[in-house]
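Please model the entire structure based on the sequences and the hints provided.
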Amino acid sequence: MVHGGPFPATSDPRSTSEDTLAIRRFQRPVRHQNLPPDLLPDAVRDANPLSLARCLNGEPQL
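Each residue of the sequence shown is one higher than the one before, counting from 2 in our numbering.
Since the hints were derived computationally from the structure, they do not count as laboratory data.
None of the values given here were measured: they were computed from a predicted structure.
By construction, the Cβ of each residue, glycine as well, lies at the ideal position given by its N, Cα and C atoms.
Don't take each hint at face value.
Unchecked claim - Derived CB-CB ranges, DEER-like:
1) Gly59 x His33: 14 to 24 angstroms
2) Leu22 x Ala48: 30 to 40 angstroms
3) Arg55 x Gln28: 14 to 24 angstroms
What follows is the structure in structure tokens.
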């Protein structure tokens, strides 16, 4: 169902902003390669100051 709204809802009748692939159209990839640790967001720092559960090279890290 096409409905009013920003791109792509009104400009492309084959897709809407609410289908399963919408996140791929609206996301913005961000890379933090070679960025000094002080400038990284807390969630991606090596020290893990937020104590987030995450994977490193496929291995669970706490």
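Here is how each hint holds up against the structure:
1. A hinted range of 14 to 24 angstroms holds for the C-beta pair Gly59 and His33, which are about 19 angstroms apart.
2. About 35 angstroms separates the C-beta atoms of Leu22 and Ala48, a value consistent with the hinted range of 30 to 40 angstroms.
3. A beta carbon spacing of about 19 angstroms between Arg55 and Gln28 agrees with the range 14 to 24 angstroms that was offered as a hint.
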